[in-house]
Structures are given as structure tokens and as C-alpha cells.
Amino acid sequence: MSETNEPAIRAEALESILIDRGLLVAEAVDQVIVQYNERVGPMNGARVVARAWRDPEFKRRLLADGTSAIEEFAFEGGQTEKLVVVENTPDVHNVVVCTLCSCYPWAVLGLPPRWYKDPAYRSRVVREPRAVLREFGVELPDEREVRVWDSSAEVRYLVLPEPPADSENLDETELAERISRDSMIGVELL
Amino acid sequence: MSAASVDVELQGIAAPPMANGEVVFEAPWQGRVFGMARALCEAGHYSWDEFRECLIDAIGDWDREAEGDYRYFDHFLLALETLLERKNLLSAGELSERFGAYQARPHDHDH
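Read top to bottom, the protein sequences are chains U and V. Last residue of the first sequence? That's 190 in the working numbering, and every number before it is there in order. Last residue of the second sequence? That's 301 in the working numbering, and every number before it is there in order.
Just chain U, same shape as in the assembly (with noise of 0.2 Å):
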């Protein structure tokens, strides 16, 4: 017992001295474990998203038939569930939730955040979808029809966001970085 726990004491004590001798902060490190979990995960659906919004055939093919558009990507674990993409336009935004568990497109995604389980964002955004997106920091103009997506065992969602209005000259990959988590999840706008 105590041997394993070696490293995990070791670092504890690390830290706690480098915290005191005012190196570190805490947040410091929990900040860098957020940015990896929120990066990591969801870069493999960013490129997606990039490769659609320059490439006119990729995009048609990942809107009729997600699964098979992103097998060329070779993600590691693949998608083994249907993945289905839908767009935002300026006429539609789409959402996507999983109002009986926290069914998400881990292939493309990553984990899915706290939030994303939460019971009031589970029911609430079927219910009252514009505030709960309001609270999200999306403002859409009323007459922009919101869709909302259930996820399920089955059939896994992503969110096609609209590009960032000063993306023209971007490449692919410079494009990627441009993409968040949350607008793939359809709680953000670019």
C-alpha cells in the first residue's frame, strides 16, 4: 500500500512546498488539467469541423452520413455509435443534449463536461432551450428556429458551428484552433 501511494505523497509534498515557497499556485495547476481536458478531447471534432468548412465535399458527405465521413480520420477508439452531424445556419441553431444519461460523442468530443450531466441542463434545455443558451452566453434573434438534439445509445450528435466571421484566410489546422468544445455541443457561437 504504502508503496504505491509513494509518488502520490511525493507530489503532494511537492507541491505543497513550491505553493509555499510562492512558485505555484494551486489554480495554476488545476487550470493547465482543465485546459487539456477541454482541448484534448474535443480537437479530434474540431478538425472535423475545420475540414468541413473547407472542404464543400466533406461537408456533404459528413451531413448525409457522419459515421462514414470521419472513418478517414482514423480516430483512435473510433465512432462506434451513428454519428450524426447537423449544421447551424443563419436560419437554424442546434443543440444537443441527453435527456436520460449523458450519451455524447466521445470519438469526436472527448469527456463530456460536468454541466452536460447535469439534471437541470438535461431537462431545461428541451423545456426553455433560448434561455437555457442565453445563460450559455448565446443571444439568437428570434426568428432563428433552435433545434434540440437527444442524444441517445444509438445515435450520437455534433453540432456543425458557423465559422467565425474573420476565418476567410485561415487554413485547416489553423481553422481547428479556432473551434471550442461548447460549439460543437451548440452552446456557443464562434
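Bear in mind the hints are in silico, worked out from the structure with no lab data behind them. All of these numbers come straight from a predicted model, not from anything done at the bench. For glycine and all other residues, C-beta sits at the position ideal for the given N, C-alpha and C. Do not rely on the hints blindly, as some may be mistaken.
To be verified - Derived, one-sided and incomplete: chain U residues facing chain V with beta-carbon distance under 10 Å:
| no. | residue |
| --- | --- |
| 1 | Glu6 |
| 2 | Val25 |
| 3 | Ala26 |
| 4 | Val29 |
| 5 | Ile33 |
| 6 | Gln35 |
What the hints assert, rightly or not - According to the in silico footprint, chain U covers these stretches of chain V (three or more CB under 8 Å from chain U):
| no. | segment |
| --- | --- |
| 7 | 232 to 246 |
| 8 | 259 to 273 |
| 9 | 281 to 290 |
The hints should help you fit chain V onto chain U, whose structure is shown.
Structure of chain V alone, referenced to chain U:
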């Protein structure tokens, strides 16, 4: 949230282990050690290349001995300690002392 400003290293020896697009930490302390190494680098105490060199050395030393299982984050922690000592940001004695004190805590200590 500006995703563009985040510097994420996804490949190479000093990147965190990945599976299915996820960063994988087998235990919370591994996340803490990784977070410390990055945060100290971002605060300007050393460059990531310096850290990477220490990590390569730590893993190289283990390769020559090759006793027991390969535990990536043990090397990661050792590399961080070595680099901090080299930069005079940490003394080995101080760490041993606090480590000993923490180890001596009662066993029901909830960590």
C-alpha cells in the same frame, strides 16, 4: 473562452498519455504533477525543452536499470524534481523532509 491561446502539446515524450482523444491520468496525483510541470513552465521558471530533456534522461536511466514496471509518471515526477533542484527552486533535503512528514500522517488521513 479563447481556444486559440491554449498551448497544447499532444505528441512527443512530454505530452500526457492519450486514449480516444482523452488525456489519461491513472490517478489524481499524475494530473497534479503534469499540471505543476506545465504551470511552472508557463510561469517562466524553465522552458519546456529543458523539462523534456530531464524527462528523457529520467526514462533513459530507468531503461538501463529496467527494474519493475514502466511507470511513466514516476519518471515525470523525478524529472520535475531534478530540474527544480538544478534551477535552485527546490532542495532535495526539503522535499525528503516534507515527504517523510506526510508519510508519517495517520493512515486514516483522507488523501
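List of violated hint numbers, smallest to largest
Violated hints: none; all satisfied.
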